[in-house]
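**Q** Residue numbers (my numbering), protein chains in the order written: chain A, 1 to 87; chain B, 88 to 675.
Bear in mind the hints are in silico, worked out from the structure with no lab data behind them. Using N, Cα and C, we set each Cβ at its ideal position, and we do this for glycine too. Treat the hints with care, since some could be wrong.
What the hints assert, rightly or not - With a cut-off of at most 27 angstroms between alpha-carbon atoms, the simulated BS3-like pairs for lysine-lysine come out as follows:
1. B:Lys651 with B:Lys331
2. B:Lys187 with A:Lys5
3. A:Lys5 with A:Lys77
4. B:Lys426 with B:Lys448
5. A:Lys5 with B:Lys577
6. B:Lys455 with B:Lys426
7. B:Lys651 with A:Lys5
8. A:Lys77 with B:Lys187
9. B:Lys187 with B:Lys577
10. B:Lys577 with B:Lys651
11. B:Lys421 with B:Lys448
12. B:Lys577 with A:Lys80
13. B:Lys187 with B:Lys582
14. A:Lys77 with B:Lys577
15. A:Lys80 with A:Lys5
16. B:Lys187 with A:Lys80
17. B:Lys187 with B:Lys426
18. B:Lys582 with B:Lys651
19. B:Lys523 with B:Lys577
What the hints assert, rightly or not - According to the in silico footprint, chain A covers these stretches of chain B (three or more CB under 8 angstroms from chain A):
20. 175-189
21. 354-368
What the hints assert, rightly or not - Among the chain A residues that face chain B by a calculated CB cut under 10 angstroms, a handful are:
22. Trp26
23. Gly34
24. Gly43
Next come the chains, spelled out residue by residue.
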Amino acid sequence: MADDKHNAQAYWQANLRLIIISLVIWTVVSYGFGILLRPLLAGIEVGGTDLGFWFAQQGSILTYIALIFFYAWRMNKLDKEYGVDEE
Amino acid sequence: MSQFAINMIFVVGSFALYIAIAIWARAGSTKEFYVAGGGVHPVMNGMATAADWMSAASFISMAGLISVGGYANSTYLMGWTGGYVLLAMLLAPYLRKFGKFTVPDFIGDRFYSSGARLVAVACLIIASVTYVIGQMTGAGVAFSRFLEVSSDMGLIIAAVVVFMYAVLGGMKGITYTQVAQYVVLIVAYTIPAVFISLQLTDTLLPPVGLFSEHTQSGVPLLQKLDEVVRELGFVDYTADVDNKLNMVLFTLSLMIGTAGLPHVIIRFFTVPKVADARWSAGWALVFIAILYLTAPAVASMARLNLMTTIYPAGPTADAIQYAERPDWIKNWEKTGLIKFEDLNGDGRIQLYNHTPQFAEKAAERGWKGNELTVNNDILVLANPEIANLPGWVVGLIAAGGLAAALSTAAGLLLAISSAVSHDLIKGSINPNISEKGELRAARISMAVAIVVATYLGMNPPGFAAQTVALAFGIAAASIFPALMMGIFSKRINSKGAICGMLAGLISTTVYIFLFLGWFFIPGTASYENIPANWFFGISPLSFGAVGAMINFTVAFAVSAVTEKPPVHIQDLVESVRFPRGAGTAVDH
Numbered sequence: 001m002a003d004d005k006h007n008a009q010a011y012w013q014a015n016l017r018l019i020i021i022s023l024v025i026w027t028v029v030s031y032g033f034g035i036l037l038r039p040l041l042a043g044i045e046v047g048g049t050d051l052g053f054w055f056a057q058q059g060s061i062l063t064y065i066a067l068i069f070f071y072a073w074r075m076n077k078l079d080k081e082y083g084v085d086e087e
Numbered sequence: 088m089s090q091f092a093i094n095m096i097f098v099v100g101s102f103a104l105y106i107a108i109a110i111w112a113r114a115g116s117t118k119e120f121y122v123a124g125g126g127v128h129p130v131m132n133g134m135a136t137a138a139d140w141m142s143a144a145s146f147i148s149m150a151g152l153i154s155v156g157g158y159a160n161s162t163y164l165m166g167w168t169g170g171y172v173l174l175a176m177l178l179a180p181y182l183r184k185f186g187k188f189t190v191p192d193f194i195g196d197r198f199y200s201s202g203a204r205l206v207a208v209a210c211l212i213i214a215s216v217t218y219v220i221g222q223m224t225g226a227g228v229a230f231s232r233f234l235e236v237s238s239d240m241g242l243i244i245a246a247v248v249v250f251m252y253a254v255l256g257g258m259k260g261i262t263y264t265q266v267a268q269y270v271v272l273i274v275a276y277t278i279p280a281v282f283i284s285l286q287l288t289d290t291l292l293p294p295v296g297l298f299s300e301h302t303q304s305g306v307p308l309l310q311k312l313d314e315v316v317r318e319l320g321f322v323d324y325t326a327d328v329d330n331k332l333n334m335v336l337f338t339l340s341l342m343i344g345t346a347g348l349p350h351v352i353i354r355f356f357t358v359p360k361v362a363d364a365r366w367s368a369g370w371a372l373v374f375i376a377i378l379y380l381t382a383p384a385v386a387s388m389a390r391l392n393l394m395t396t397i398y399p400a401g402p403t404a405d406a407i408q409y410a411e412r413p414d415w416i417k418n419w420e421k422t423g424l425i426k427f428e429d430l431n432g433d434g435r436i437q438l439y440n441h442t443p444q445f446a447e448k449a450a451e452r453g454w455k456g457n458e459l460t461v462n463n464d465i466l467v468l469a470n471p472e473i474a475n476l477p478g479w480v481v482g483l484i485a486a487g488g489l490a491a492a493l494s495t496a497a498g499l500l501l502a503i504s505s506a507v508s509h510d511l512i513k514g515s516i517n518p519n520i521s522e523k524g525e526l527r528a529a530r531i532s533m534a535v536a537i538v539v540a541t542y543l544g545m546n547p548p549g550f551a552a553q554t555v556a557l558a559f560g561i562a563a564a565s566i567f568p569a570l571m572m573g574i575f576s577k578r579i580n581s582k583g584a585i586c587g588m589l590a591g592l593i594s595t596t597v598y599i600f601l602f603l604g605w606f607f608i609p610g611t612a613s614y615e616n617i618p619a620n621w622f623f624g625i626s627p628l629s630f631g632a633v634g635a636m637i638n639f640t641v642a643f644a645v646s647a648v649t650e651k652p653p654v655h656i657q658d659l660v661e662s663v664r665f666p667r668g669a670g671t672a673v674d675h
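Next comes chain B alone, as it looks inside the complex (with noise of 0.2 angstroms):
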């Protein structure tokens, strides 16, 4: 059977099984629109958000980030997992038990205004188009090189998939098939991983392989990696970094933001009780660390690999003949995404870091500068033909990798729709609006979000490159923190919360156009975007988390002279602080 076919058989297997699902699942009210009518089990609910968490950044991303990076890019894998430990004990408990559907309803009850909903509204609308962005066209990459389809024509197909089950569904739909999603996500990438761990270390799990030896040369395999790199003028794997400011920064960014996302936080208002809020977010870091504790073994085994193929005889020796290159380098040659240029003419593949304290070697060497450029986004795709795994397990991390795009835009867009038709069209516009009508709003929002989503996808603006940044610098600037001094303290009142938000979105946005361009328009940057012009050594990625301290700051001394918060606000802050009384969610 062809590759295209197994590929085919997997991809089709998996969407149907989300359609039937979908089918399965639907939505007979807005409470089972937007939390799945509150009963999903603890442990459910946390594979569900593992997989709404888990988008294509880290499933197809990451492990490329890092075997680029080696240790100076651990920040995303502890900053997209330690802000659990924030939700667990900062927000999510006391948002289950406030029991409303979306981020912006606690917002606005707890500051008592309407201009607090709205600001928490365009704040969580800006976060989650932004980032929906990214699954899209992650999705139509997947799509582009596993079913040799167009990008723009997988990118339909799966905007069609998501219709199906998030319209039909809402929230219902949404959490049964990220459970599906996540099963299928999850073994595509563990799969792959526990064979080359066996390959190269000869140990069955691959975190105990990253730290074991490699069985060719007897040396730990970090220690062998480190050697190797370093023989081509790239840094050590392994090597601590300078800047440790923004190494911190850019980590607390990351986790304040994962806290701080809409669509993360609504899946804790779907379990039961109070209680299970708790257990759940547990689980929910129990499922996402089985990847990102394979991640980091993934990028360094990957990162051997690819030396290993391109220098066969070791880093000292010839590199490969173009003309023998495997069949994995021609196949993604044809998506641009690995790129050859013999510079010296020699018929052979140089891949090293041209930079002036390697250019002596490089001339002894006959080497006229690197010659492969490898996206990093492809590591964890061609992983299994690097290794020449077979090919049922190139078509599992097809299925695996639109699974991860999938899920998280389904979760994005519902985060997204509940804001427009519950806090805009029923909190705002029409508070007189019926049950059955809401419903229908929300469907209609979800259908519009989608095709925004899909347009949005196909012609990315200049900006898509930078969504991270945005996305988690509004997440940790503004939502965060006024959803955090919402619960603890007392004394934050509108005038306060307002302020705090606006001055963290404003400080952070401004902060990362100074050096990304002025709403991104290409050209426009006040700064070139390189550590030397950071002030204090800060990057635009890292500024979330100043962003908040910015929010906080604001808030206590706005409140601090202003009025304090009315007693009814006063009591809904105790109340939300006790788990006694936490009906399921409800309606107003």
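Next up, chain A with everything else stripped away, as it sits in the complex (with noise of 0.2 angstroms):
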């Protein structure tokens, strides 16, 4: 690490992008969905009612667990590209 300076820079931003990309999605699916746009997904069936109940109480869940897996194998990806892992 203490090599380059600059690596550890590049790594610390690209852990920052990931997680902005990451909650960006949270917050849409949850809040935006879920909840505010709710309305708008009004028009979308699903099983007796709409797309934005399904997301609020089955959809937002599902996304999660797909964000935390998917930011958990990048990131350790990541640790070996810029040579910061565990051993």
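Make one complex out of these two single chains by using the hints.
**A** What follows is the structure, given as structure tokens:
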């Protein structure tokens, strides 16, 4: 890590970028589709109700799981690429 | 075999298992006591975290809340799961890299101040103690219904069992019992749900059944439920809400609060590597999601089942005769959690929403008010009986409810006792204490914490019901922002952090006190707790998110006008950001 402060900087920027992208998706599925945008999705019918209801009670949770595993996979790979992983 | 005997077998059997684990997993060092030796497999830690996190509130109360509130209470589903995304990306890996034993450890070191450490200890203890009271009373309720002992006696039995594995094994004993408790609670939760989903929708998986056709009527389940409750004066189950700001803030408070709860965070100190901490958060959420995806199905199906029980010929026909009520109503009437009062003297049970809008219709049908009061908390516990499931399923639910309460109680007690023995005694009072002395101090703190929690469980202070607001509010407004800024900003100094934590803590508790009573003393509330009085429509339960924003703002403002943190602290921040060099959790 010491050999290049530049490398460390790039690793941290990549991490921040990944976090921001993930949290944007996190916001859109829960606060967006599940709450604020629900009226807009009212036309899309899902089992006796609408898509917003599905996101609020199922979809958001499934998305969270996907986000965490994607983040873990991507970061663990970045650790190796930037040579900051644990031996 | 009697139902009592079956319940006994399930509960005693599961307790014997926990005690056997306790004897097998004794802790020999402080490292084993605080972080289970630091060698827990990420999947196993995920499972333990799930049990640690899912409390009596998740297991017993949540489905009931959703059942009554419908869509509006989806907040609990999103709020209590979304926090894991924050944990996985913003806290867990870096705190694991930091590699100490407790949450105040990090705050004290990062903000190079014993003042900051003490504020963190205070926040941790207030949040965890209020939370543990709820677990103990939850265990008491489950005991009194299923084992026909008084709830005080039930509490003492529960406390003795927790004592066995928590004092002997510390985090090590707790980890392995939590894994066992997860298995018990998830099996207990999903089996009745699958049965009910099959009965109502012919669908094996409850989350799919929730959006499937109601077999009997041929219309979608949720549409059927909407129709039935509408006929009885209730708001549609799937109806949208008006106050979206409050819904957003409440969900956000639950998420930030979840990520900031110390008993959840310390579970991530037990895995071997930083990479494992990331995976482990994902696994934790998978195991949690199995219950959280099932809960909304249980909620809607149980509501429909309840309505069908009361109105066997549909909501437009006559209600059931009180004399012919099913056994489960009789059983729960004994506990006082179901109450019936024949207001119009017709011998039937009218269950409906007595509102001014519905008054005309009620008068037409000769109804004089709602006659059946059903406590939200019994929904999950009574579910197998409502659906006429076999006796062993009821026994399983009893063991599952207790597993949920005990696993969370143990996690909270560990967070409390390690804050006392590690942060107060070793960190402030007696830094030269020996390893052996600290381990003894940890065990004694744990024992004292259990005794205090049991006492408070038996004599819950008047505010016990408000504990969720308080625990989540404090975790969200004080602990989460301090940890996050400590990792993501090198500029925040000790003054900024302390002012921020205090500002978040004080603003949140004051807002809660304004509506729920000063220090929760009944009758001292400054405003009646109704939506019309809330500032900008923000409920006291939702204020944690606002408190967190206040914390961030104050911390940045104060830090900006005061000195930069010393260089070695900036290096510390730098080091937690990179996984390389993380050993297992170490002592000072």
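**Q** Find the hints from earlier in the document that the structure breaks and name them by number, from lowest to highest.
**A** 1, 11, 17, 19 and 24
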